[in-house]
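Protein chains: 2
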Amino acid sequence: MKIDPKDYNPELEKKHIEPAIVNEAFSAAVSKTFPADRYTSDDEQRLIHSHGQTTSEEVYKVLYSRLDRYADMVFFPQSEDDVKQLVELAKTHDVCLIPYGGGTSVSCALKLPASERRMIVSVDMKKMNKLLWIDRENLRACAEAGIIGMNLEEMLNREGFICGHEPDSIELSTLGGWIATNASGMKKNRYGNIEHVIENITMVTPEGVIEQKDAFPRASIGMQPQNLLFGNEGNLGIITKAVFRIHRKPEVTKYGSLVFRTMDDGIEFLHKLAYTDYIPASIRLVDNIQFKFGMALKAHSQGMSAWADKLKKLYLLKLKGFDPDQMVAATLVMEGSRAQVAYQESSLYRLGKEFGGIPAGASNGRRGYMLTYAIAYIRDFVATFHAIGETFETTVPWNKIQQVYKAVVAKAAERHKECGLPGSFYVSYRITQIYHTGVCIYFMLGLYTKGIEHPEEVFAGIEHSLRQAIMDNGGSISHHHGVGKLRKDFMKDTLSPDSIEFLKKVKKCVDPHNIFGARNAVFADEE
Amino acid sequence: MKIDPKDYNPELEKKHIEPAIVNEAFSAAVSKTFPADRYTSDDEQRLIHSHGQTTSEEVYKVLYSRLDRYADMVFFPQSEDDVKQLVELAKTHDVCLIPYGGGTSVSCALKLPASERRMIVSVDMKKMNKLLWIDRENLRACAEAGIIGMNLEEMLNREGFICGHEPDSIELSTLGGWIATNASGMKKNRYGNIEHVIENITMVTPEGVIEQKDAFPRASIGMQPQNLLFGNEGNLGIITKAVFRIHRKPEVTKYGSLVFRTMDDGIEFLHKLAYTDYIPASIRLVDNIQFKFGMALKAHSQGMSAWADKLKKLYLLKLKGFDPDQMVAATLVMEGSRAQVAYQESSLYRLGKEFGGIPAGASNGRRGYMLTYAIAYIRDFVATFHAIGETFETTVPWNKIQQVYKAVVAKAAERHKECGLPGSFYVSYRITQIYHTGVCIYFMLGLYTKGIEHPEEVFAGIEHSLRQAIMDNGGSISHHHGVGKLRKDFMKDTLSPDSIEFLKKVKKCVDPHNIFGARNAVFADEE
Numbered sequence: 071m072k073i074d075p076k077d078y079n080p081e082l083e084k085k086h087i088e089p090a091i092v093n094e095a096f097s098a099a100v101s102k103t104f105p106a107d108r109y110t111s112d113d114e115q116r117l118i119h120s121h122g123q124t125t126s127e128e129v130y131k132v133l134y135s136r137l138d139r140y141a142d143m144v145f146f147p148q149s150e151d152d153v154k155q156l157v158e159l160a161k162t163h164d165v166c167l168i169p170y171g172g173g174t175s176v177s178c179a180l181k182l183p184a185s186e187r188r189m190i191v192s193v194d195m196k197k198m199n200k201l202l203w204i205d206r207e208n209l210r211a212c213a214e215a216g217i218i219g220m221n222l223e224e225m226l227n228r229e230g231f232i233c234g235h236e237p238d239s240i241e242l243s244t245l246g247g248w249i250a251t252n253a254s255g256m257k258k259n260r261y262g263n264i265e266h267v268i269e270n271i272t273m274v275t276p277e278g279v280i281e282q283k284d285a286f287p288r289a290s291i292g293m294q295p296q297n298l299l300f301g302n303e304g305n306l307g308i309i310t311k312a313v314f315r316i317h318r319k320p321e322v323t324k325y326g327s328l329v330f331r332t333m334d335d336g337i338e339f340l341h342k343l344a345y346t347d348y349i350p351a352s353i354r355l356v357d358n359i360q361f362k363f364g365m366a367l368k369a370h371s372q373g374m375s376a377w378a379d380k381l382k383k384l385y386l387l388k389l390k391g392f393d394p395d396q397m398v399a400a401t402l403v404m405e406g407s408r409a410q411v412a413y414q415e416s417s418l419y420r421l422g423k424e425f426g427g428i429p430a431g432a433s434n435g436r437r438g439y440m441l442t443y444a445i446a447y448i449r450d451f452v453a454t455f456h457a458i459g460e461t462f463e464t465t466v467p468w469n470k471i472q473q474v475y476k477a478v479v480a481k482a483a484e485r486h487k488e489c490g491l492p493g494s495f496y497v498s499y500r501i502t503q504i505y506h507t508g509v510c511i512y513f514m515l516g517l518y519t520k521g522i523e524h525p526e527e528v529f530a531g532i533e534h535s536l537r538q539a540i541m542d543n544g545g546s547i548s549h550h551h552g553v554g555k556l557r558k559d560f561m562k563d564t565l566s567p568d569s570i571e572f573l574k575k576v577k578k579c580v581d582p583h584n585i586f587g588a589r590n591a592v593f594a595d596e597e
Numbered sequence: 071m072k073i074d075p076k077d078y079n080p081e082l083e084k085k086h087i088e089p090a091i092v093n094e095a096f097s098a099a100v101s102k103t104f105p106a107d108r109y110t111s112d113d114e115q116r117l118i119h120s121h122g123q124t125t126s127e128e129v130y131k132v133l134y135s136r137l138d139r140y141a142d143m144v145f146f147p148q149s150e151d152d153v154k155q156l157v158e159l160a161k162t163h164d165v166c167l168i169p170y171g172g173g174t175s176v177s178c179a180l181k182l183p184a185s186e187r188r189m190i191v192s193v194d195m196k197k198m199n200k201l202l203w204i205d206r207e208n209l210r211a212c213a214e215a216g217i218i219g220m221n222l223e224e225m226l227n228r229e230g231f232i233c234g235h236e237p238d239s240i241e242l243s244t245l246g247g248w249i250a251t252n253a254s255g256m257k258k259n260r261y262g263n264i265e266h267v268i269e270n271i272t273m274v275t276p277e278g279v280i281e282q283k284d285a286f287p288r289a290s291i292g293m294q295p296q297n298l299l300f301g302n303e304g305n306l307g308i309i310t311k312a313v314f315r316i317h318r319k320p321e322v323t324k325y326g327s328l329v330f331r332t333m334d335d336g337i338e339f340l341h342k343l344a345y346t347d348y349i350p351a352s353i354r355l356v357d358n359i360q361f362k363f364g365m366a367l368k369a370h371s372q373g374m375s376a377w378a379d380k381l382k383k384l385y386l387l388k389l390k391g392f393d394p395d396q397m398v399a400a401t402l403v404m405e406g407s408r409a410q411v412a413y414q415e416s417s418l419y420r421l422g423k424e425f426g427g428i429p430a431g432a433s434n435g436r437r438g439y440m441l442t443y444a445i446a447y448i449r450d451f452v453a454t455f456h457a458i459g460e461t462f463e464t465t466v467p468w469n470k471i472q473q474v475y476k477a478v479v480a481k482a483a484e485r486h487k488e489c490g491l492p493g494s495f496y497v498s499y500r501i502t503q504i505y506h507t508g509v510c511i512y513f514m515l516g517l518y519t520k521g522i523e524h525p526e527e528v529f530a531g532i533e534h535s536l537r538q539a540i541m542d543n544g545g546s547i548s549h550h551h552g553v554g555k556l557r558k559d560f561m562k563d564t565l566s567p568d569s570i571e572f573l574k575k576v577k578k579c580v581d582p583h584n585i586f587g588a589r590n591a592v593f594a595d596e597e
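Chains as they are written, first to last, in my numbering: chain G, 71 to 597; chain A, 71 to 597.
Hints are supplied without guarantee of correctness; some may be wrong.
Because identical chains cannot be distinguished in the list, a pair is counted as satisfied if it fits within a single copy or across any two copies.
Okay, derived cross-link-like pairs now, PhoX-like style, lysine-lysine, Cα gap no bigger than 20 Å in a straight line [said to hold, decoys possible]:
1) K283 with K470
2) K283 with K574
3) K362 with K84
4) K161 with K578
5) K342 with K319
6) K562 with K283
7) K200 with K154
8) K197 with K154
9) K577 with K161
10) K574 with K102
11) K481 with K470
12) K520 with K487
13) K476 with K487
14) K562 with K575
The set of hints was computed from the structure by calculation and includes no laboratory data.
Chain G extracted, bound-state conformation (with noise of 0.2 Å):
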C-alpha cells in the first residue's frame, strides 16, 4: 500500500445534512419547560451529534458523502433533573432519545437508525461533568455521567488520586460511555475493566430510575439490576452519575520494554505471566508488523529505506538471531509503590528472559504506550490519501491466537482479490489485554482504495467477513468496543436465542414505547 502525499482526497467542503424533523408540540414543551442554553437545532451541532467514529460507516460517509440520518435537535442536560423532564417530554410526545457521551463509539452504536420517523434528540451529557463527592477513606468517588475521562484524572489528581481507568479513547470518552459500552482499560490489571470500577450506577429510563440506594464493593443483593446496565448501549435509558474507586496517585510510573524472537515466543510469555504476581498494569505485545510500523513513525526524517537498513543493522548486530521481520516487542507500564514496581520489573525482565526477551528500554515502551492514542490520528490522516484504516478487537482463548489471526489474514488476502482493490492489504495486531483463559487482541486492518467505487461500503463488508472469520475461530463479538449496528449479524452466535428474547422483553418493561431508539446490538435488527 503506497501513499503518495500530492494524491490528496479532499473531504467534502460543505458537508451534507437533511432537514430536521420537528415535533412542534415537543419542541414547544422543550422551549417552554427548559432556558435556551439547554438545547439547539443549529445545522452543524445536528451533524456533530449524528455520527459516532466508526471509519467505513459513519467518518468516511461524512467526509466523503452523507449519513442516511441526523438528528433533529441536540439537547445538553445539566442536571439528573434535566434529564427527567426531558425523558417524560419525550415519552409524551413520542419522541426518540439518543445518549451522547463523548462520541467515541466505533460501532456505529452512535448512528442514527434510517428507518426512525420521530423525532430524534441526541442528548449530549458533557455538561453533566461535576466530580460530585471524593470518599478519601474509602477510596471511592460520585461524578456525573458527563464528565470526560481525561477530565476526571485531572480534577482527582489535584486532590492526590487518580480513576486509573484509561480506555484509548479517554481524552474524549465519558464515565457514562465506559458503562453504556462496558469498555476495558489500557491499565486493567491494576485498577479493572469498568465492571470492576464502577460501584453504583443512576440510570433514568422512561419507566423510573435504577440505581442502588448504597454502593458496596461487593454483596449479595439477589438479582443486580445495575448489572444489566454494563454494555446497555443506549438501549434502555440516561446514565445521569456513577460510583466508582479511585486510588491513591502511584508513588511511581514506569515504562518499560522488551523484544522477542517471534509472535510465538512473546505469547508464551504473556501465558506464563497471566498467572503470576506481578503483571503490570500495562503489557502489549505488538507483531511484527506493528513493531516496524512504530519504528517508522519513530525515525520521521529519514525515510522508510533509510529506518530498515539502520534497524537491520543494529539488530544484526546487537540482537544476534534477531530477524528484523520476525522480532516482535512488548511494551510494559509498572505502576505503584516504589515496591511494587522494583518487584514487577525483576520479576517480568526475569521471566522474559526465560522466553529470549530482551529488554528495549523504558523510551520504546513510553512510545508503545503513547502511540495508541494517535491511531484515530493516523486514520484519519491515512483517509485523506486513499487509504481506508480500522481497529477492530475481539477476546480469545489462550490457545487460539494464532489460529484466528491466520484466518484474518487469509480472509482478509480472499476477500482483497474478490474485491479487486489495487496494491496490498494492511492487517497487524497486538495483545492488548491478558486474563486468565484468554486475551484481548486489536487488529487493525488497512485497505488502499483508490478508483473503487463506494470504498466505505466495500470496506465494511470486508470487515465483516473479517467478523465472521474471527467468531468462526473462536474470537467473541468484541472485547470493548461493544456491538452496536455494526456487529448486529453476531448477536446469533454470542447469545441462545431465548436470551436474545429475554432482552428484548426486558427492553419492553423498561421503554415499552422504545423512546430509548438507538436500536443496538440485539434491537439492531429491529429497523
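Following the hints, complete the assembly by docking chain A onto the known chain G.
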C-alpha cells in the same frame, strides 16, 4: 451464657410433616414421562427438602416445632432434558418448582411459602453432578450445576487442577447454588468470588434457555443476561451447568497467623494490606471474643479456667503489653508458587510488624481457617442446650467497621433486656474478606433461651433488629448469604423503588406464571 451438659433439650423424636398437596394430572404426567427413580413423595425426603439451614426459622422449627409448609414431591433430574421436560409439565399443570442444591441456605431462600396452594416440587440437583469437560490449555472447565463443591475439587485434583472457590459450605453446597446465592469463597483474593469464577451459565426458565454461546473471560456483547443470574435465589429457573475458571494445583499452601494488641491495630493492618500486591489467598481477622473462643476449643481437655490461666501466663510473659482481653488474631492462607508464597509471607510479616503484629505460627492459622467449617456443627450442638446461635454477614466501608460493630452490640444489649432473656448474650465478629473500598464482617450471635416461649421467634426478632442496626450504620443487606425471605424487609433500603419494580417486571418476562415460586428477595412480599 452458661451451657449445662445436663440440661439437655431433646429434639422431637418424630418430626412433623403435613400430607402432600397432590396435583393429580401433574403426578400422572410425571410418572408417564419419567422413570420411577426420578421422583419421590417419601415423607423423609419431603421434610429434608422443606427447609434450608437458617437457625431460627428453619432448623429450630424442624427440631422442636413445625414448618409452615412442606414440599409435596421431590424430583431428581439427571439431565438438562429432564429439567426442560419437568419445567414444561409444571407450566402445563401449574405446579410450583423450587430448585434445591446443597440445602445450605441461611437466608430462608429454601423456606417454602406458606401461602403456596399449588403443589410444590423441590428439584434436587444432586444427580446432575458430572464434570463435563476440562479445557487444560485455557484453564477452564464445565460441570453440571448439582455438583458439590468438595466433589468438584476432588475430580479436578485428580487431573492436577483446582477451582479454588471455597465457601464455608463447600462440603455440601453446589455450583448452581453458588451462582443462585452470589457466593463468596474464603480464598477469593486468589480465586475470585463466584462472579469472577464463572464464564458461562445455562439456565432453563419457563420461557427458554438463557446462556451465552461461548465462554469468554471478558467480552462486550451488549447487555449480558447472565449477569442477572447471579443472586437469582431460585426466582427465575434452574441452572443446569456452568463454565468456570480452573487453576493448576498450587505448588504450596502455607498457613500463618499474626496477633495484634487490639482490633484497631488489626484493622489498620488489613486496610494497608488491601492496597498491596501480596494479599494472601485468605486473610481473616477475628476479634478478641472469637480469639478466646478459638483458644478455648483448642484447650479441649483443660476446662475454661485452666486455659485462661495458661493463656494469661503465656502472653503476659511472651507478648509484653498484650492484654489477653484485647488482643486479636489474623489467620492467613498463602497459596501459589513457591516464589509467590515466599514473597507474600515475608511481606506480610514485615507489614504486620508496622502495626505491632507478632507472628503466631502456622498451626494457629490452619486451625483458624478450619474452624470455619465447624461453626455450623457447633451451632447445632449448642442448640440442644437451650442456646440459639447464628452467623450473619455484611459488607461495610472501611471507615464504618467499628461503628457497625458497636451498633450491633448496643442493639443486642437493648433487645436482650427488652425480651427478658436469661443470662448474657454473645456477639463477636471477624473480618473475612477485604476489598478496595470495604470489608465483609461476619457476626456470631448467641442467645440463651431457656424458659422462653417460642425462642426461635424471639431470636429472629432480635436478628432482624441487628440487621436494621447494621444497615442504619452503613452496612449492606448481605455480603454473600443473600436475601431470601429472612432479609426481605431490607430490600427497600437496598434498591430504588423503580429498581424493585424493574426486577418484578423481569420476572414476569421469564416466568409469567410464577412457576419458580420460591418468592425470595423482592418477590418475598408477594406472598
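Here's how the hints hold up against the structure:
1. K283 with K470: between (43 Å within a copy, 17 Å between copies)
2. K283 with K574: Classified as between: cross-chain Cα gap 18 Å, same-chain 27 Å, threshold 20 Å.
3. K362 with K84: neither (38 Å within a copy, 80 Å between copies)
4. K161 with K578: For K161 and K578, only the intra-copy Cα distance (14 Å) is at most 20 Å; the inter-copy one is 23 Å.
5. K342 with K319: Classified as between: cross-chain Cα gap 15 Å, same-chain 29 Å, threshold 20 Å.
6. K562 with K283: This pair counts as between: shortest inter-copy Cα distance 9 Å, intra-copy 35 Å.
7. K200 with K154: within (18 Å within a copy, 50 Å between copies)
8. K197 with K154: within (15 Å within a copy, 51 Å between copies)
9. K577 with K161: Classified as within; 15 Å inside a copy, 24 Å across copies.
10. K574 with K102: The answer is neither: 35 Å in one copy and 36 Å across copies each exceed 20 Å.
11. K481 with K470: within (16 Å within a copy, 57 Å between copies)
12. K520 with K487: within (15 Å within a copy, 87 Å between copies)
13. K476 with K487: within (17 Å within a copy, 74 Å between copies)
14. K562 with K575: So K562 and K575 pass the 20 Å test inside one copy only (16 Å; across, 24 Å).
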